[in-house]
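Student: Residues per chain are reported as follows:
Number of protein chains: 2
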Amino acid sequence: MKDVAARAGVGLKTVSRVVNAEPGVTPDTERRVQEAIESLGFRRNDSARVLRKGRTASIGLVLEDLADPFYGPLSRAVEEVARAHGALLINGSSAEDPGREQELVLALCARRVDGLIVIPAGDDHRYLEPEIKAGVATVFVDRPAGRIEADAVLSDSFGGARSGAAHLIAHGHRRIAFIGDQPRIHTAAERLRGYRAAMADAGLAIDDSWVSLGSTAPERVRDAVAAMLAAPEPVTAILAGNNRVTVTVVRHLAACERPVALVGFDDIELADLLGITVIAQDAAALGRTAAERLFRRLDGVSEAPRQVTLDTALIPRGSGEIPPAG
Amino acid sequence: MKDVAARAGVGLKTVSRVVNAEPGVTPDTERRVQEAIESLGFRRNDSARVLRKGRTASIGLVLEDLADPFYGPLSRAVEEVARAHGALLINGSSAEDPGREQELVLALCARRVDGLIVIPAGDDHRYLEPEIKAGVATVFVDRPAGRIEADAVLSDSFGGARSGAAHLIAHGHRRIAFIGDQPRIHTAAERLRGYRAAMADAGLAIDDSWVSLGSTAPERVRDAVAAMLAAPEPVTAILAGNNRVTVTVVRHLAACERPVALVGFDDIELADLLGITVIAQDAAALGRTAAERLFRRLDGVSEAPRQVTLDTALIPRGSGEIPPAG
Chain A
1 MKDVAARAGV
11 GLKTVSRVVN
21 AEPGVTPDTE
31 RRVQEAIESL
41 GFRRNDSARV
51 LRKGRTASIG
61 LVLEDLADPF
71 YGPLSRAVEE
81 VARAHGALLI
91 NGSSAEDPGR
101 EQELVLALCA
111 RRVDGLIVIP
121 AGDDHRYLEP
131 EIKAGVATVF
141 VDRPAGRIEA
151 DAVLSDSFGG
161 ARSGAAHLIA
171 HGHRRIAFIG
181 DQPRIHTAAE
191 RLRGYRAAMA
201 DAGLAIDDSW
211 VSLGSTAPER
221 VRDAVAAMLA
231 APEPVTAILA
241 GNNRVTVTVV
251 RHLAACERPV
261 ALVGFDDIEL
271 ADLLGITVIA
281 QDAAALGRTA
291 AERLFRRLDG
301 VSEAPRQVTL
311 DTALIPRGSG
321 EIPPAG
Chain B
1 MKDVAARAGV
11 GLKTVSRVVN
21 AEPGVTPDTE
31 RRVQEAIESL
41 GFRRNDSARV
51 LRKGRTASIG
61 LVLEDLADPF
71 YGPLSRAVEE
81 VARAHGALLI
91 NGSSAEDPGR
101 EQELVLALCA
111 RRVDGLIVIP
121 AGDDHRYLEP
131 EIKAGVATVF
141 VDRPAGRIEA
151 DAVLSDSFGG
161 ARSGAAHLIA
171 HGHRRIAFIG
181 DQPRIHTAAE
191 RLRGYRAAMA
201 DAGLAIDDSW
211 VSLGSTAPER
221 VRDAVAAMLA
231 APEPVTAILA
241 GNNRVTVTVV
251 RHLAACERPV
261 ALVGFDDIEL
271 ADLLGITVIA
281 QDAAALGRTA
291 AERLFRRLDG
301 VSEAPRQVTL
311 DTALIPRGSG
321 EIPPAG
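Protein chains in written order, with UniProt numbering: chain A, 1 to 326; chain B, 1 to 326.
Hint data in this document are derived by calculation from the structure and do not stem from the laboratory. This list has only true hints and no planted wrong ones.
Sample of chain A residues with no beta-carbon within 10 Å of chain B, all distances over it, derived:
id, residue
1, E131
2, P234
3, P305
Facing chain B, from chain A, some residues (calculated, C-beta under 8 Å):
id, residue
4, T56
5, D65
6, L66
7, A67
8, S75
9, R76
10, L88
11, L89
12, N91
13, S93
14, A107
15, L108
16, V247
17, V250
18, A254
19, E269
Listing some non-contacts, in silico: residues in chain B with all C-beta distances to chain A over 10 Å:
id, residue
20, A5
21, P27
22, A227
23, I322
Computed from a predicted model, the values in this text were never measured in an experiment. The beta-carbon is built from N, C-alpha and C at its ideal position, and this holds for glycine as well.
Just chain A, same shape as in the assembly:
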């Protein structure tokens, strides 16, 4: 800024006024300052690329489902960071379909987004290599990239699920179910692994009928719970793999005579009033951390891709502390 002021023959305060579009500068002075800025290649902090390109920057955010409440705080956090950098947010969802993810990502690249934040549906992102080489900064969030090296910001799904299952074991449960999302989804696989680890730690064998993986559609989850509870030796506790599963399990257990313990992965609005014990992720922190990482990349920070894992927190509220029935 000093160089700009010297070249334009004005004070620092005047340069600041022009840069921040504040009043009190004559058109002639403003022109001189702008010329000095251009000739010196001056940039205002983070907005480097925006100013360099002379158009509004934008970043693409590819979610799994815009309507899933988990992505609300995550999206808002990404938007806040983007806004602080003067960038717009282009949003879309994959509906958990790898083909649709790829189509959307490439459409965003064709629309020349400056960067991408992706919650991947697929497990092979080599299709992104040409774009990344061409300079599209990319950060994966919630789930890592597949078959390419890329930044990723994740929650500790393994550790969270392990602590949830250990919590149920500590309350006396031995027959514990895990109901999760499709196993090809990284978080679903990690949470299953956490559940298995806690059971192994306690020396408990897992019956195949206690594990149910698949769509989180209410009908699928409801049928899985019903089948488990109708078994001759039914499970006495359930670890629900994500917020969509938890909501359906809670509805089913509310209509159930026998008390069944429940720990859900992801916090849910009003779960406090319903007494649902959860393993909470910080969705806003996931979004914020990923967006900050993306803008550091856009500012030209060049370092090897790395994976950041955020902690989860077990919040006991009653449902996870119910003792085993009968």
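Keeping the supplied structure of chain A fixed, place chain B upon it in accordance with the hints.
Tutor: For chain B alone, kept in the frame of chain A given last:
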């Protein structure tokens, strides 16, 4: 398509293959078909503007808060319609700040979106007139435009709130509170008007202390409820003006000894299990109707702007059927 086929000297099937990027066409034939398409200005149905411009279409969606669960199904519905028309969704939120709304809308226009869907924070949209004249189709949703003629898709806030208050009156309540959002917000004002109409219909006077309008921040709402319930002649029922208000009121009433009836505007996930009576809007239908209207405009349908109002539905679940205490 016939004209294209004739000009390129190929069959209809070949034109279809080229347009839909299917295999089985030699590069030379493909080039001839493309040239014929260009010279004739051929367009594929809805994607008219996309093909005409030779780039991916995009529409801007300006919400109030990306993290508010009410906007989840609305956004997803808009995305589904946009996707069916081959368009991307650019999303942003105003945080209920008219200045930020204007800034975001103009940034989207500068980024050359084809159309806009706006949930307005402000009440003067004359700033949009040059953009609309320049051809940016605009549909307002949830709240109407201010001081310009524009398409709008709304819920029946007045009728919904009136039926909610009438429901409480029918269950014996006379001292009924209304806790709502800032009165400059159209939906908040309409819901207040509906509450006043129902009270007037029943010949009930409203004490000023029963009406509280302002931010939906939990602290503000909690203080309002606490003050109302601490009055010498406290209200026996509450009509909550939106989902953010309802969540806080439910939390407060859960810790309250005296039973207080509650009807909330907007349905909430798990409200069924908590027995919360609500006036439900169809958020997905709002988004879908607005997006379909927008794409009809983009397809060149030219007719006077109009306002569409969608019905609400009162869903009794217990909290609205509690009789007056004492």
